[in-house]
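Engineer: Given the coordinates of chain A, work out where chains B, C and D should sit on it, guided by the hints.
Chains as they are written, first to last, in this note's numbering: chain A, 1136 to 1426; chain B, 1136 to 1426; chain C, 1136 to 1426; chain D, 1136 to 1426.
To be clear, the hints were calculated from the coordinates, so they are not data collected in a lab.
In this text, all values refer to a predicted model and were calculated from it rather than measured experimentally.
Beta carbons: idealized from backbone N, C-alpha and C, even for Gly.
Careful, some of the hints might be misleading.
What the hints assert, rightly or not - Just a sample of chain C residues kept apart from chain B, beta carbon distances all over 10 Å, derived: (1) Arg1141; (2) Gly1214; (3) Leu1245; (4) Asp1287; (5) Ala1296; (6) Gln1300; (7) Gln1317; (8) Val1402.
What the hints assert, rightly or not - Quick list of simulated restraints, FRET-style, between CB atoms: (9) B:Arg1141 to C:Gln1317: 32 to 42 Å; (10) C:Leu1370 to A:Asp1266: 54 to 64 Å; (11) A:Ala1268 to D:Arg1382: 30 to 40 Å; (12) C:Gly1269 to D:Ala1217: 47 to 57 Å; (13) D:Ala1217 to A:Gln1350: 43 to 53 Å; (14) B:Asp1391 to A:Thr1321: 31 to 41 Å; (15) B:Asp1391 to A:Val1304: 43 to 53 Å; (16) D:Val1343 to C:Pro1390: 27 to 37 Å; (17) C:Val1304 to B:Thr1321: 50 to 60 Å; (18) A:Asp1193 to C:Val1304: 55 to 65 Å; (19) A:Ala1325 to C:Ala1328: 57 to 67 Å.
Number of protein chains: 4
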Amino acid sequence: MPQPERRYVITFGCPDRTGIVARISSFLAEHGGWIIEAAYHTDPTTNWFFTRQEVRADSLPFGVAELRERFGRIARELGANANWRVTDTGERRRVVLLVSKEGHCLYDLLGRVASHELDVDVSAVIGNHSDLAGITRAHGIPFHHVPFPANDPEGRQAAFAQLRQLVDVHRPHAVVLARFMQILPTELCADWAGRALNIHHSFLPSFVGARPYHQAHGRGVKLVGATCHYVTAELDQGPIIEQDVIRVDHTDSIPDMVRKGRDIEKVVLARGLRWHLEDRVLVHGNQTVIF
Amino acid sequence: MPQPERRYVITFGCPDRTGIVARISSFLAEHGGWIIEAAYHTDPTTNWFFTRQEVRADSLPFGVAELRERFGRIARELGANANWRVTDTGERRRVVLLVSKEGHCLYDLLGRVASHELDVDVSAVIGNHSDLAGITRAHGIPFHHVPFPANDPEGRQAAFAQLRQLVDVHRPHAVVLARFMQILPTELCADWAGRALNIHHSFLPSFVGARPYHQAHGRGVKLVGATCHYVTAELDQGPIIEQDVIRVDHTDSIPDMVRKGRDIEKVVLARGLRWHLEDRVLVHGNQTVIF
Amino acid sequence: MPQPERRYVITFGCPDRTGIVARISSFLAEHGGWIIEAAYHTDPTTNWFFTRQEVRADSLPFGVAELRERFGRIARELGANANWRVTDTGERRRVVLLVSKEGHCLYDLLGRVASHELDVDVSAVIGNHSDLAGITRAHGIPFHHVPFPANDPEGRQAAFAQLRQLVDVHRPHAVVLARFMQILPTELCADWAGRALNIHHSFLPSFVGARPYHQAHGRGVKLVGATCHYVTAELDQGPIIEQDVIRVDHTDSIPDMVRKGRDIEKVVLARGLRWHLEDRVLVHGNQTVIF
Amino acid sequence: MPQPERRYVITFGCPDRTGIVARISSFLAEHGGWIIEAAYHTDPTTNWFFTRQEVRADSLPFGVAELRERFGRIARELGANANWRVTDTGERRRVVLLVSKEGHCLYDLLGRVASHELDVDVSAVIGNHSDLAGITRAHGIPFHHVPFPANDPEGRQAAFAQLRQLVDVHRPHAVVLARFMQILPTELCADWAGRALNIHHSFLPSFVGARPYHQAHGRGVKLVGATCHYVTAELDQGPIIEQDVIRVDHTDSIPDMVRKGRDIEKVVLARGLRWHLEDRVLVHGNQTVIF
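Okay, chain A solo, but in the shape it has when bound (with noise of 0.2 Å):
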């Protein structure tokens, strides 16, 4: 596939008010800037203004650094405080994933990495089992196992931290938790804030915490869905990124549902991943805005 150019991404926010739009628009106008994709989006229940911008970086006469520091005035101006973002997509995104034993969401990702359709690095896999050790490798990819002691919370909190290192020490774009079935401690989830993503095999807010489909087959639900959502201190609650469902009917067992779920789950993981990952989900409370 050919390399789109490079282009560099500006995700801003802050109370809506006249004239954003122009202030904006102008700047990159003044300098030349050539846009190749924008969305706008205002939220009348809290009065918020969204954008995100994705600009040619040739078109305009100065880097990134520099854009970011003249793009920042503007944010100060208008009020924008934290709520801004310039990125740069010629600086490669880097990803971990953290797995268990179930491979589905695993196999799923590394085979769309492989196919260049994901052009990302995935700087390591992380097991708290080592069953996917293999196929991780095979794709020239480093497994490390970080076995978790069931009832034993020092050897847990040992393991996090030892998970943690891992994972900093490649200062990763995303942290994933690919059906990792460790619930991870309040400050790895502050830590990792906006950057963690789950996949939850339901349909949030239905079927919170473990073995949402056999929930799900109790309750007798005629489709069955997945989650993609931040990580945050509170299980399953987190700001949702992606979901999608999938029909099942009286025929389907436990097995088959958790079998049909399964391609819910890495497609709602894979767009929910690729979108974080371009800068187009803009969280504010507990929602988001995907541009």
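Structural biologist: Same frame as chain A, but now just chains B, C and D:
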């Protein structure tokens, strides 16, 4: 549309064992029964067998009463207890609709009836408000206004007594809560068990109770849905007949979600009602088999 | 439902170049224009820029006529030629519906209008059969019966002349072929270009022309669909506004497919019509941008 | 995952008449056959009866060979001619995959096999390019590179002969064209009839032949799809096993449509292959019954 020929519909459930299909199909074959449609299911969890058979009425040498008597003997022999029915498509289905102010489900059902897509008699429409009297009567259907006074337990009890009378006089095959905003008393739930259908404007079990679209908006979900279920004493907990969803995004305000959700409510209720009236829904515990 | 405040809607297209957004948004900002909703798109294949802006009417110091004049200058400057419009949501939309015998789309649209979901005036319904006169008049809308004689070219020509007159007197914003079974003459297609919407009962470009459900059944497809498109002189080839599908299987006879398909026809037409009336559909060549 | 118990699968079709179900189910009941799953269908257009039965192997007093012989007598008696089969789930399914350069379907199928979701033997992968040799061999599966020279009829004939040999040596239950970009010669279509499955990257019958996403983009459709079908001599005209679609809009370039479509291709092919290998697909004329 040409009328389909008259059929007898057998629905049946019993503990699974070898030879049930042979017993039932041999009985029908002996008498020349021409099976139009047959479906079988065994639930491996509860080891329960289900079947539904449609037989051409004119292929049998006897009428529905004798079929019921003869089949009843087989049902007893196979241990079905009360879990079987024989119905006659020659008996027109009667439906009573309960409504409030929101008309989209009523308009939809009346349109389906008027265009003979849903070939039933709407015996009456009963509203706790009179907003929908006009369109109901324009379709030649009686409308009854039964107000439900707020904060007046006795008045409400009287209203429910009147409602029951207005419904029961028609001995309806289905009592449809087509966005009826009153919670039925336990006693009515019991008396109408298996015949009272509700449309709830969320993808249950998410967002039980009041203002589900508001709840959905607050949680930031990416799909909203609707659920058609049998009414039981526990609110929004009855066996689910049908569900569906529609995509929403950050540009959708609550009124947008309400509007989009209505399209799902309408089709989910229409499908659920059709299946119920065609004796396609077999309830087992809190689950349904849809044949 | 509370009325949304009055807005002016600008739609605009021109060859892409740097600074268009800045030009338009600065113009609006200068006059205090409060943008409720804004969308932009650039088609990289044709290098064509599109935008749609909703501005609060009361935020501007002048009315729609002056906005049109002032914005027109900018449009000329940017080379938009005729590819721009300024409309006023304060002007109620008028719609004429053309029908035949099948009523599902008509019932659906009338229900949406009656429940204020679709807040428009249905100026008239015109049928080549009179089957749907009753329901139309029950909604207080004039119905005209214009028979189209088969195998009588002159009679048909006269009928089309009468049809045109009955439509044009209302200067409608949309002429909706709501399962109207007559093919419009080229001349009418030209005169109503961009305002005549058809609902075709297949997922185009599959199954162009007559009896698409029969064609779909013959091919053994696993989904059937519907397409809302602008009418052009070439049958079923106009720019597509909206499409959707529903699953069918081997148990579905042709009448079952017809019935299931109707639910899709109704929502696809209702969505397409809403977007058209809200000036959300920008046509470019044979493609549409839906803002 | 626990292995399901061994079952015999009977598929059967014949002209409909009274008593077929009784005949087959009585035969099974006589010998104590425990039916795990049973499905029946009658096509009213062609008056053809279809059934599929799964029987626990250990419930019958004889093996698959004797079941085949005994059931064969009943099949002859009922006029099924060649339209019946008895298969044994104890015989592991063998699959050969044909690929080209695009790996998404191959990655997906290998992931499903490796995670035991699709519990089959991939006997070989054969590519007309060698791009996918690495991932294939990483899964421990033989890869054969058979180049197909352009504009060299004799060379191509030789290549097809080699392909046939490499496939036939495995006597596969399925030959899967997993985005194999060569059109099979008529003779191979005939020899592999009912066993060769193709995934076409459009919602057939739309966009037959080359570059369907380009065709779809040109037509401005709002959904793109994929179709899994049996290969027949007429290109993209074989009986359809499964189809699905995904929504696209004006922001999707052709590469975006290709990317989104791949997710549909993968699941549609995986579902179609599973159903085929479980003997759930009964072909009748150009239509399929999926049990």
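Engineer: For B:Asp1391 and A:Thr1321, compare the CB-CB distance with the range 31 to 41 Å and indicate the outcome.
Structural biologist: holds (36 Å)
Engineer: Taking the shortest Cβ-to-Cβ distance between C:Val1402 and chain B, state whether it exceeds 10 Å.
Structural biologist: violated (5 Å)
Engineer: So the hint says 55 to 65 Å: do the beta-carbon atoms of A:Asp1193 and C:Val1304 match that?
Structural biologist: Check passed, 57 Å falls within 55 to 65 Å.
Engineer: Minimum C-beta separation from C:Arg1141 to chain B exceeding 10 Å: can you confirm that?
Structural biologist: holds (17 Å)
Engineer: Does the no-contact call for C:Asp1287 survive, Cβ to all of chain B over 10 Å?
Structural biologist: Check passes; 29 Å lies beyond 10 Å.
Engineer: So the hint says 32 to 42 Å: do the beta-carbon atoms of B:Arg1141 and C:Gln1317 match that?
Structural biologist: holds (37 Å)
Engineer: Once the closest CB in chain B is found, is it more than 10 Å from C:Gln1317?
Structural biologist: holds (20 Å)
Engineer: Given the hint of 57 to 67 Å, is the C-beta distance from A:Ala1325 to C:Ala1328 inside that range or not?
Structural biologist: holds (58 Å)
Engineer: Take a look at whether the Cβ-Cβ distance between C:Val1304 and B:Thr1321 falls inside 50 to 60 Å.
Structural biologist: holds (59 Å)
Engineer: Can you let me know if the beta-carbon spacing of B:Asp1391 and A:Val1304 is within 43 to 53 Å?
Structural biologist: Since B:Asp1391 and A:Val1304 have Cβ atoms about 45 Å apart, the given range 43 to 53 Å holds.
Engineer: Using the C-beta atoms of A:Ala1268 and D:Arg1382, is the stated range 30 to 40 Å upheld?
Structural biologist: holds (38 Å)
Engineer: Could you tell me whether the CB distance from C:Gly1269 to D:Ala1217 stays inside 47 to 57 Å?
Structural biologist: Given a distance of about 56 Å, which is inside 47 to 57 Å, the answer is holds.
Checked against the numbered hints above, the structure violates hints 3 and 8; every other hint is satisfied.
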